[in-house]
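Now for the letters of each chain:
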Amino acid sequence: MSMIVSAIGQGLLWAILGVALFLTFRTLNFADMTVEGTFPLGAAVAVTSLTHHLTPTAAIGLAFLAGAVAGLITGLLYTKGKVPILLAGILVMTACLSINLRIMGTSNISLLGQATIFSQHFLKTLPRYFDSVLVGLIAIIIITSLLIYFLQTDLGQAFIMTGDNPVMAQSIGINTDNMIILGLMVSNGLIALSGALIAQSNGYADVNMGIGIIVIALASIIIGEVVFGTLTLNQRLVAVTLGSIIYRFVILGVLQLGFSTNDLNLISAIILAICLLLPQVSKKLKLDQLLRKGVSRG
Amino acid sequence: MTMPILQLKNIVVAADQQNVEQTKILKNLNLTINSGDFISVLGTNGAGKSTLFNTIAGLLPLTSGEILLNGQAINHLSPEKRSRQIARVFQDPKLGTAPRRTVTENLLLAKHRGQRRTLKPRHLKQQRHEFTQLLATMGNGLDQHLDTPTENLSGGQRQALSFLMATEKRPELLLLDEHTAALDSRTSTQLMRQTNQVVTTQQLTCLMITHHLEDALKYGNRLIILNAGQILLEISGEQKAALTKQTVLTYFG
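Quick note, the sequences are listed as chains P and E, same order.
Residue 15 in the numbering used here is what sits at position 24 of the first sequence, and the numbering runs on without skipping anything.
Residue 191 in the numbering used here is what sits at position 188 of the second sequence, and the numbering runs on without skipping anything.
None of these hints come from the bench; they were simulated from the model.
Model, not experiment: these values are computed from the prediction.
Some hints could be false.
Keeping only pairs whose Cα atoms sit at most 25 Å apart, straight-line, the calculated DSS-like set for lysine-lysine is [said to hold, decoys possible]:
1) E:Lys12 x E:Lys30
2) E:Lys114 x E:Lys172
3) P:Lys73 x E:Lys84
4) P:Lys71 x E:Lys84
5) E:Lys12 x E:Lys27
6) E:Lys12 x E:Lys243
Based on the sequences and whatever the hints tell you, model everything.
What follows is the structure, given as structure tokens:
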């Protein structure tokens, strides 16, 4: 039982990552590699702030700002510098690795004995793992609501239009460069924020904690899409959170089979690959026709 | 007295800025467009028609010369800034709308053409009635597809929607870039008739590239033929009304 609660809590906390990547991956239509640098950047900023006795809220706020600045640099390289987006992301990600070491001063900082967002008195009274469920739930509800509101504003619609049809967007007066930069800033700010929360949940920050996280974020997005099918934009944002929780359950199941946590990156990559291949495979094998036949015979 | 809306003064556009002489696409072109003009632009492939449009819209930089809009130089304004006054309909139905957005969402986005986008709620529902009426004017069933993503519309419906999007907020200058060329002849004729109706009743100033000689002769008060980056023929008013297909064809020798 506690394993399931833990998986839900982790799913909710990691969902922020998926929702943040959704902004660039599904709305602007590109894969932003910056996230592998901004996730540990958020963790580094938050943990260092906490060890300097800043409040957890201030630490999370600073993490968001740091991520947004990294996103700004990727955005400027891509839009003004005409550097291809994959390369721009990789450049900033690589730079972040050194920055993170500078911020932390060492490759690993423990939060043992520090006040974090999880040290609130009320959270301490909850059964084990329920604290991360509550914090994750509140965070993802606030963030998803803000994004849904944003996407329904004139500015949000201009942002969506930029990803949908940049030529058209420009011809009706939308500054597409600014929209892309805005998207990268908000997205990487939120990714740093999720890094800050997860570092506090884990009780430490590590410079290597960003490795492979783009695959985890993509898995939440794609699992949500594969499981729930055609949805409206707002529903798709919520589906990312559910996809993130389902992903945690799959990982839990795989670990129960006897794999070690060292295999997690391999397993994550395989899960994502399967989800990405599923539409092609079902088309080739005509799975839906088979299913329909089975149902009509039954 | 008619007011010039757009003046092109001695404009040169070259493909390669290092090698201007050999790569000129527009060669010292002069054109004055007056308020209310409806001008058909004819010319063979490579004559510079699309380059002319891209230059006016700001997608291509001028090598030399000057573009004046309402008497103000707009040479250095970005396409976004120019979109306040200039609207455009593209030839490719895929280019004119946001494919995953619905018909009403597209109309709402274009209604704010050239304006600052803010964090105000978009108020889509309040405008459904107005949009339904606007869509019904095209007479091709668009008003039945308010919530359809535009990627699921027919080419004719998409072009009609693009045209509405370009004109719903009155543009100072409307650029139609062979907007009926990708459509079958019946749909094309219908959209052309609608276009003429809107342009003449609202007295829009319009520049229209076309490959249909008949359309160029039938519609508009002026006609120009571009050839090798220069204006080969410029004709207007009664002279244009008297122009025949045979006469025009001689210019394409």
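We went through each hint and held it up to the structure:
no., hint, in the structure
1, E:Lys12 x E:Lys30, "holds, 11 Å"
2, E:Lys114 x E:Lys172, "holds, 6 Å"
3, P:Lys73 x E:Lys84, "holds, 21 Å"
4, P:Lys71 x E:Lys84, "holds, 18 Å"
5, E:Lys12 x E:Lys27, "holds, 16 Å"
6, E:Lys12 x E:Lys243, "holds, 24 Å"
Hint compliance for this structure: no hint is broken.
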